[in-house]
Amino acid sequence: MGERPAGAPAAPADAPDGLPSDLVAQLGDRVHPIPTVAPGELVFEVLPADLASLASTLVGGGWRFVMLVGLDERRGGAGFAVEAAFERPNASIVRFRAALSADAPSYPSIARGVPAALWDERELKDLFGIVPEGHPDPRRLVLHDSYPRGFHPLRHDAPTTPPDGPTDRRYVPFAAHGEGVFALPVGPIHAGVIEPGHFRFSAVGETVLYLDARVFFTHRGIEKLVEGRTTSNALQIVERSCGVCTVTHATAFALAIERIAGTEPPARATNLRAVLAELERLYNHVGDLGNICAGIGFNVGSSQLGWLKERLLRINESLTGHRYLTGVVVPGGLVTDLPADALAALPGRLAEAERDLRTLLHLVNRAEAALERFRSTGVLSRRTAIDLGTVGVAARASGVPVDLRCDHPTGAYGTLSVPLVESAAGDVAARFHVRAQESLASLDLLKRLLADVPEGPVNVPLGSLAPGASALGWAEGPRGASWLWLRIGQDERIDRLHLRSASFANWPSVAAAAPGNLVPDFPLINKSFELCYACTDR
Amino acid sequence: MDLLDRWLRPLRTGVVTSAYPAKPPILEPAVRGLPELDAERCTRESDCVAVCPTGAISLSAESWTIDAGRCVFCGACERACPTGAIDLGDSVTIAAVAPSGLLHVTPLPPRPER
Numbered sequence: 000m001g002e003r004p005a006g007a008p009a010a011p012a013d014a015p016d017g018l019p020s021d022l023v024a025q026l027g028d029r030v031h032p033i034p035t036v037a038p039g040e041l042v043f044e045v046l047p048a049d050l051a052s053l054a055s056t057l058v059g060g061g062w063r064f065v066m067l068v069g070l071d072e073r074r075g076g077a078g079f080a081v082e083a084a085f086e087r088p089n090a091s092i093v094r095f096r097a098a099l100s101a102d103a104p105s106y107p108s109i110a111r112g113v114p115a116a117l118w119d120e121r122e123l124k125d126l127f128g129i130v131p132e133g134h135p136d137p138r139r140l141v142l143h144d145s146y147p148r149g150f151h152p153l154r155h156d157a158p159t160t161p162p163d164g165p166t167d168r169r170y171v172p173f174a175a176h177g178e179g180v181f182a183l184p185v186g187p188i189h190a191g192v193i194e195p196g197h198f199r200f201s202a203v204g205e206t207v208l209y210l211d212a213r214v215f216f217t218h219r220g221i222e223k224l225v226e227g228r229t230t231s232n233a234l235q236i237v238e239r240s241c242g243v244c245t246v247t248h249a250t251a252f253a254l255a256i257e258r259i260a261g262t263e264p265p266a267r268a269t270n271l272r273a274v275l276a277e278l279e280r281l282y283n284h285v286g287d288l289g290n291i292c293a294g295i296g297f298n299v300g301s302s303q304l305g306w307l308k309e310r311l312l313r314i315n316e317s318l319t320g321h322r323y324l325t326g327v328v329v330p331g332g333l334v335t336d337l338p339a340d341a342l343a344a345l346p347g348r349l350a351e352a353e354r355d356l357r358t359l360l361h362l363v364n365r366a367e368a369a370l371e372r373f374r375s376t377g378v379l380s381r382r383t384a385i386d387l388g389t390v391g392v393a394a395r396a397s398g399v400p401v402d403l404r405c406d407h408p409t410g411a412y413g414t415l416s417v418p419l420v421e422s423a424a425g426d427v428a429a430r431f432h433v434r435a436q437e438s439l440a441s442l443d444l445l446k447r448l449l450a451d452v453p454e455g456p457v458n459v460p461l462g463s464l465a466p467g468a469s470a471l472g473w474a475e476g477p478r479g480a481s482w483l484w485l486r487i488g489q490d491e492r493i494d495r496l497h498l499r500s501a502s503f504a505n506w507p508s509v510a511a512a513a514p515g516n517l518v519p520d521f522p523l524i525n526k527s528f529e530l531c532y533a534c535t536d537r
Numbered sequence: 000m001d002l003l004d005r006w007l008r009p010l011r012t013g014v015v016t017s018a019y020p021a022k023p024p025i026l027e028p029a030v031r032g033l034p035e036l037d038a039e040r041c042t043r044e045s046d047c048v049a050v051c052p053t054g055a056i057s058l059s060a061e062s063w064t065i066d067a068g069r070c071v072f073c074g075a076c077e078r079a080c081p082t083g084a085i086d087l088g089d090s091v092t093i094a095a096v097a098p099s100g101l102l103h104v105t106p107l108p109p110r111p112e113r
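Heads up: the sequence lines are chains Y and C, in that order. Reminder that position 153 of the first sequence reads as 152 in numbering that gives the first Met the number 0, one-by-one numbering, no gaps. Reminder that position 48 of the second sequence reads as 47 in numbering that gives the first Met the number 0, one-by-one numbering, no gaps.
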């Protein structure tokens, strides 16, 4: 496991309840613990006015921002509420809850001190009408111009279809102005089979001065859709938040349910879940390495790695019946055992894939013309990565050693000791290198997992889900940390679910990495982050 | 040498795409295609209708119908069927030119006399 960021001060001595002592001193009697069923989570009630200062204090002390969750509790006679969660490796996760008024919910914005929360607060404002006062970017994020003013879909009394009504003024992209500065609008419809995003470049000649990235064109209202559903029904929707992080989302969801129910999945299930998670990482990473090659027109690399990815997808199909691994992970374990013959053939098929991957990486790493394009392109500095709360490959390639498999290990990862691959350069070459090394590391983890698959059942009955109980779930996916906040309502149904995917966390980093580069290099930079639009937009 | 390798590798790899639709798609044995009903074994318990998360299955006295436009291939019906009459087979070529083409109807034999 890598070192912690050298710039972060040593964590202060903790008070008995897990909070830094200076924070307890700062808040005095304005912080009250709330009992929770979720192990390793600390929940506190605080005043809305204290949120910003305590968020800044925590993040300044080396904690990492996890998510903001909006809650509409008016049906229970209360008002709105907002919850902010923070984590530190191998420590408790803390959640701060602040009650807000029912009529005009607002609180002082935390994003000025914690830029990682910039998009969370804009989303909260769109979907709940909770106003983060003093937010540096008050534009809409999730709901584009066509939605009427005052329509906040995650409020319980919001109609499922937006009503007719006057909309806000047209979207104004952030752009640079001056002599010789051109605005280059690109998208949301692109050449090629990719998801929709609008990129507004401000450029002088070929050089990008500023990039305003706009996504959420595929917002489907998944969080609203799962409200009131049974957990088994909601799982079908959550694991399809996007097409390529299926195991990640399903595992995070299952974990949250299991933490509320107090259920431990059996050893065979946790082992096979890790097998599936590494297979998901592997096919994504291999595909992304190919896509990076495609970003510079290096066709041998992209076609050969694409063919390798296809073979990995067929391995997925042989194990689960589905190329993208849906319908296997469920709360309590796995839905059924994996077919014995496919499991027996897996080490051989993976050994073949590893041999080809090593050959192909050698081929790309010897192609100086390709590497020349990767180096010093799309640099994301370590400081920016920390400020924006970048996760996953992008963070590790910028010298920020974060990986939930190491920081908050669950299931089989508790005993697996995952190697943390890092690079300091923060450019496309670094992200290519980290992905390549992580692919080989996943193949090694798979060997270790498959050498010792425990016998026994693959699922256990779930404990009961108490109304009002809430917990976090998480998983380190191919793109990084995906977090999920879940609260149970009546009859073991979903009261509120919030999914903050790794792609949601990393989009602002893509925009931050673009300035100073050539416009034609942006496809390459974008591919080196390789984020999902669908699980960002939800 | 490296350049030569980059030239020769695609030639050595050869054609890897399949001849679909002239030939059937390449599938693994475990593939989950559209649920298929063995009408002889169906006892009309309608457990499949109850467990389907998307309401893709309907059952009448004469037929069992699955809507390929709703099915998400989760396999819940296959696991719920008390007589093992449902199988997620290898039928994956389900695109249709009209919505009605997504409805796959399996006629059921007349209910046996007691």
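Treat the hints as calculated values from the structure; they're not laboratory data. A hint or two may mislead.
Just a few of them, taken from the derived set where beta-carbon distance is under 10 Å, the chain C residues facing chain Y [claimed, not checked]:
id	residue
1	Arg5
2	Tyr19
3	Val30
4	Pro81
5	Gly83
If you want the ones that stay clear, here's a sample from chain Y, every Cβ over 12 Å from chain C, calculated [stated by the list, open to error]:
id	residue
6	Val30
7	Gly305
8	Leu439
9	Tyr532
Far from chain Y, by Cβ distances over 12 Å, these chain C residues were calculated [to be verified]:
id	residue
10	Asp4
11	Pro9
12	Thr12
13	Arg40
14	Thr42
15	Thr53
16	Ala60
17	Leu87
18	Thr92
19	Ala95
20	Leu101
Just so you know, even glycine gets a beta-carbon here, dropped at the ideal spot from N, CA and C.
Cross-check of the supplied hints:
Evaluation of the arginine 5(C) hint against chain Y yields a held restraint, the C-beta minimum of about 5 Å falling below 10 Å. With 10 Å as the threshold, the beta carbon of tyrosine 19(C) stays out of range of chain Y, its nearest partner Cβ sitting at about 13 Å, so the hint is violated. Hint status for valine 30(C): holds, given a least beta-carbon distance of 5 Å to chain Y, under 10 Å. Violation of the interface hint for proline 81(C) is found here, the shortest Cβ-Cβ separation to chain Y being roughly 17 Å, above the 10 Å cut-off.
Interface restraint check: glycine 83(C) against chain Y, minimum CB-CB distance 14 Å, threshold 10 Å, status violated. With 12 Å as the threshold on Cβ separation, the claim that valine 30(Y) sits away from chain C holds: the shortest Cβ distance comes to roughly 42 Å. Here glycine 305(Y) does not stay apart from chain C, with its beta-carbon only about 9 Å from theirs, under the 12 Å limit. Here leucine 439(Y) stays apart from chain C, with its beta-carbon at least about 20 Å from theirs, past the 12 Å limit.
With a cut of 12 Å on Cβ distances, tyrosine 532(Y) stays outside the contact zone with chain C, its closest approach being about 21 Å. Once the 12 Å rule is applied to beta carbons, aspartate 4(C) is inconsistent with being away from chain Y; the minimum gap is 6 Å. With a least CB separation of 6 Å from chain Y, proline 9(C) falls inside the 12 Å interface cut-off, contrary to its annotation. For threonine 12(C), the shortest C-beta to C-beta distance to chain Y comes to about 7 Å, within the 12 Å cut-off, and the non-interface label is violated.
Distance to chain Y confirms arginine 40(C) as a non-interface residue, since its nearest Cβ pair spans about 20 Å, more than 12 Å. Its beta-carbon lying about 22 Å from the closest one in chain Y, threonine 42(C) satisfies the requirement of being farther than 12 Å from that chain. Annotated as non-interface, threonine 53(C) brings its C-beta within 12 Å of a C-beta of chain Y; the closest such distance is 8 Å. Chain Y leaves alanine 60(C) outside its interface by the beta-carbon criterion, the shortest separation being 28 Å against a cut-off of 12 Å.
The beta carbon of leucine 87(C) is not kept farther than 12 Å from every beta carbon of chain Y, the shortest such distance being approximately 7 Å. Listed as outside the interface, threonine 92(C) is consistent with that label: its C-beta sits roughly 15 Å from the nearest C-beta of chain Y, beyond the 12 Å cut-off. Separation of alanine 95(C) from chain Y is adequate, the least Cβ-Cβ distance of about 21 Å exceeding the 12 Å criterion. Every CB of chain Y lies more than 12 Å from the CB of leucine 101(C), the least distance being 19 Å, so the non-interface label holds.
In summary, the numbered hints that this structure violates are 2, 4, 5, 7, 10, 11, 12, 15 and 17.
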